[in-house]
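Visitor: All chains, please: the whole structure from these sequences, using the hints.
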Amino acid sequence: MAELMQAKNRTISKKQGFGQMLAKDFFRNKYIYIMLLPLVLYYIIFHYGPMYGAIIAFKDYNVTRGFFESKWVGFKHFQSFFNSFFFSRVLRNTILINIYQIIFGFPIPIVFAILLNELRSKVLKKTVQTVSYLPHFISVMVICGIIIDFTMKDGLLNQIIDLFGGKKANLLMQANLFRTIFVSTNIWQNFGWESIIYIAALTSIDLQLYESATIDGAGRWRKMLHITLPGIMPTIVIMLILRIGRMMSIGYEKIILLYNPITYETADVISTLVYRQGLLEKNYSFSTAIGLFNSVINYLLVVSANRISRLLNETSLW
Amino acid sequence: MANKQKYSKVILIIALALSVAIFTGCVKDGGNVTGATESGQGSGSTAPVNQTGMPIVSEPLELKIFSALNGKVASTLQSYGDIKAIKKIEEITGIKTSWMHPAVGQEVEQFNLMLASKELPDIIIWNFLQEKGGPTRFLSDEIIIKLNDLINNYAPNLKKILDDSPELHKQIILDDGTMFQFPAARINEETGKWHRMFGPIIRKDWLDNLGLKEPETIDELYVTLKEFKEKDANNNGDPNDELPFVSAKDNAFRFLLSAWGINIDFYVDNDKVKFGPIEPAYKDFLSTMNEWYTEELIDQEFPATDGKIFNAKVTGDQGGFFLGFAGGAMGTFLDLMKDSNTTFDLVALPWFVGPAGKPYTTHKDYIRMMSGGGAAVTTACKTPVEAVRFLDFIYSEEGHMLANFGIENESYTFVNGESIYTDAILNNPDGLPLANAVAMYCMSGIPFPMNKDPKAAQQTSWFWPQQARAHEIWDGADISIIFPEVTLTEDESAKATSVLGQANAYVTEMLTKFILGIEPLTNFDKYVENIEKMGIDEVIEINQAAMERYNKR
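In order, the protein sequence lines correspond to chains A and B.
If you use my numbering, the first sequence corresponds to residues 1 to 318, in order.
If you use my numbering, the second sequence corresponds to residues 1001 to 1553, in order.
Hints in this document: simulated from the structure, not taken from any laboratory.
Please read these numbers as outputs of a predicted model, since none were measured by experiment.
Some clues are possibly wrong.
Stated by the list, open to error - If you want the footprint, here are the derived chain A segments under chain B, 3+ residues with CB under 8 Å:
no. : stretch
1   : 60-69
2   : 84-96
3   : 166-174
4   : 275-282
What the hints assert, rightly or not - Derived contacts from chain A toward chain B, CB cut-off under 10 Å, selection only:
no. : residue
5   : Leu258
6   : Asn260
7   : Pro261
8   : Phe286
To be verified - Listed next, the in silico DSS-like pairs over lysine-lysine satisfying Cα-Cα at most 27 Å (straight line):
no. : chain 1 : residue 1 : chain 2 : residue 2
9   : A       : Lys282    : B       : Lys1118
10  : B       : Lys1338   : A       : Lys167
11  : A       : Lys71     : B       : Lys1358
12  : B       : Lys1084   : B       : Lys1455
13  : A       : Lys153    : B       : Lys1229
14  : B       : Lys1495   : A       : Lys282
15  : B       : Lys1229   : A       : Lys167
16  : B       : Lys1249   : A       : Lys168
17  : A       : Lys153    : B       : Lys1118
18  : A       : Lys168    : B       : Lys1229
19  : A       : Lys153    : A       : Lys168
20  : B       : Lys1231   : A       : Lys168
21  : A       : Lys71     : B       : Lys1495
22  : B       : Lys1159   : B       : Lys1552
23  : B       : Lys1249   : A       : Lys254
24  : B       : Lys1533   : A       : Lys282
25  : A       : Lys71     : B       : Lys1229
26  : B       : Lys1146   : A       : Lys167
27  : B       : Lys1204   : B       : Lys1308
28  : B       : Lys1308   : A       : Lys254
29  : A       : Lys282    : B       : Lys1249
30  : B       : Lys1308   : A       : Lys153
31  : A       : Lys71     : A       : Lys282
32  : B       : Lys1308   : A       : Lys168
33  : A       : Lys76     : B       : Lys1533
Heads up, the beta-carbon is just placed ideally off N, CA and C, and yes, glycines get one too.
Guide: Written out as structure tokens, the structure reads:
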């Protein structure tokens, strides 16, 4: 009987429809909705609104003629991107650099956060944390200046190589080292900053769990393995899904500052191609087309990563 | 459980928001475009205009002018309206100016934004020639107006300069004879020549140390560099610390190859347009440079050398030979070294005679018109006659002195009939660098619609006698292979940019690889084939046609 009632209720609430539900929910939680409003407006005005501009990917955009009066050219810009002499190279480099960043860069903030969590001294903990995320705030220009100085023939790294009997050579002039330099300096600059979210997640783990584990005789390693890691697993998974959604994007600034003709082979990525052929040549339609292409791929990646994650461990974005 | 639901709701919202963020790339809002441009030529003019004589107007009139704000001015002043010469010009003409300066570093974006919003000023100072489709597009899109009649009727001073210099005239008009701008001209009335500013430079003291004379051919240069390499040219006891030939990135090579009679871009060979990087002479050039690099005559780290490191190499007593500007390189280095290294001395070398047999150069400083600095009148200008007369005044004798030297007895005086800057500029009481002090008084150092007076440049940028000699030495170069500043139609330039965008990136990459030997020269044919596949032949044809149109102007 009770089951029947419940079933009936479900059908009734289904019939209510989304609009009624929303209205009901709105009156119940109106302050929360009001708080949400600015954010929604922000997205409508600054993100959904300008989206019509994406049509210039299918036009020959001309500033004086504007979005609507420029000529339609169909998939011309997509074709010229796919047929570009550099297409396979920039695609390969973009994906490879991102994969390296995920393999080597993604676990480090997690490990760092867990290690930091194990520290007993509060002062030491705060100091280490602050020091670790300071590099995040240094301008990329300065970072690249440091990298160039360190990798020069007489730079710090070469002095070290020389000390161990290696041969001195400018490291930025070796195509096979570029990705290593790029990825490792990125990790150095950002691991502290990226660990913040994990540190926050760690604080939400119930301390009683640790207490009872201690009573059961678990050591630090066991506690980390069976309490800490599972505790922050949802955060890790969500961060990973979001990270995979940036698979096609790499900022061009750092690469432009570091690459040279010798390392183009391994350093040239989609965004640097867009910078050269889209922005420098003022070919805005071309850059929009590539941006759109990237967004579509990124979107598909997020959706599939999310689906896989939901199937495997029931944590997902939606 | 309830907690988890709440949690996932928040996550959902964040996720939605983020996914939106992923979607929205770099899309710019462009305002509405209704095509409602005012073409009010001469209409709505209220202030009565005087056809000749000064002031131009008897009732107050203000002209809005869009121009990039040059760094030399920005270091002391807020706007061009604060330059003393401009204030004086306002006083004389009776026309006030109000300046729209885009933020430094965002000139192109703000220029485009201005066009998209259709809120045009009266006058735009901009390099229209470098825009896609060139000035023709701006004329047909009704942004700027054709000036032929106005210049004929109201700009006697500019007209006189154009009549005197057919070369300048050819450079500023379009293929169909349309005039659209008041140029930043460089006409020396006495010699009809503007001095060259860029060329090869070598350490004079190193030559003297080794008892060498100044090299004038590629072969002599090779011998000199070899000596630099093997001996202790800088006299510090270490024969191995010299870098005979230094370059910031591949800059030097892009100009040194003119000795082979080619250019890294388009050039002219007996009335035929050619693309240098696919010519056989380019292969010879590369093989010579590869030899020099292998023998370590060329700095081994040049591809990773930016401007800052380049400067450090020269001032660090390592670099012996390089290519640079008389002001930016030679002057800077002599200034920097005058106290710390008293023997440091530079001398300019003539453009080399190489396999091509003539001292060719492809550096474009021969052009009579500075790129940028040209002023066009827009369709929004309600008083085009006044605007044209205002701009023309700057080319008059009085305007010329104001624009180039500033205020008499304040920033310059006449000494034996020669206009000489005063100490307010040459020895600024506030300790301002020369270039910034000049910019407070006049426009001689910035892109501006005027006729640049070489005597002004001489006094400000030729502080060292070596610099004055440099100009003389470089003047002997042969400029016959330089490709003229042609104008392409919108379709032509769309085709050209799409091909050249790729081709130039590929050429740049391969240039360094060939010199370093990473890519063996046996692959040269394959490299040429790749460029041909990109469609270079068609672009050569486009440029050939454009040059023929140019020659008929």
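Visitor: Does Lys1455/B sit within 27 Å of Lys1084/B, going by the straight-line distance between their CA atoms?
Guide: 19 Å, holds
Visitor: Holds or violated: the stretch 84-96 of chain A covered by chain B, criterion of 3 or more residues with Cβ-Cβ distance under 8 Å?
Guide: holds (count 3)
Visitor: Is the straight-line distance between the alpha-carbon of Lys71/A and that of Lys282/A 27 Å or less?
Guide: Roughly 16 Å separates the two Cα atoms, so the pair holds.
Visitor: Straight-line Cα separation of Lys153/A and Lys168/A no greater than 27 Å?
Guide: Judged against 27 Å, a Cα distance of about 6 Å means the pair holds.
Visitor: For the pair we were handed, Lys1159/B and Lys1552/B, check the Cα-Cα distance against 27 Å.
Guide: 20 Å, holds
Visitor: Is the hinted pair Lys1308/B and Lys254/A satisfied, with a Cα-Cα distance of at most 27 Å?
Guide: Between Lys1308/B and Lys254/A the Cα gap is close to 17 Å, so the pair holds against 27 Å.
Visitor: So if I understand the rule, the pair passes when the alpha-carbon distance is 27 Å or less; does Lys1308/B with Lys168/A pass?
Guide: OK: Lys1308/B and Lys168/A at ~22 Å, within 27 Å.
Visitor: Taking 27 Å as the top limit, are the C-alpha atoms of Lys153/A and Lys1229/B close enough?
Guide: With a Cα-Cα distance of about 18 Å, the restraint between Lys153/A and Lys1229/B holds, given a limit of 27 Å.
Visitor: Take the stretch 166-174 of chain A, compare each residue's beta carbon with every beta carbon of chain B, and decide whether three or more fall closer than 8 Å.
Guide: Since 3 is at least three, the answer is holds.
Visitor: Check whether the Cα positions of Lys71/A and Lys1358/B lie no farther apart than 27 Å.
Guide: Given that 27 Å is the threshold and the Cα spacing comes to 48 Å, the pair is violated.
Visitor: Holds or violated: Lys1229/B and Lys167/A, Cα atoms, limit 27 Å.
Guide: 21 Å, holds
Visitor: Are the Cα atoms of Lys76/A and Lys1533/B separated by 27 Å or less?
Guide: Holds. Lys76/A to Lys1533/B sits at ~18 Å (cutoff 27 Å).
Hints 10, 11, 17, 25, 26 from the list above are not met by this structure, while the remaining hints are.
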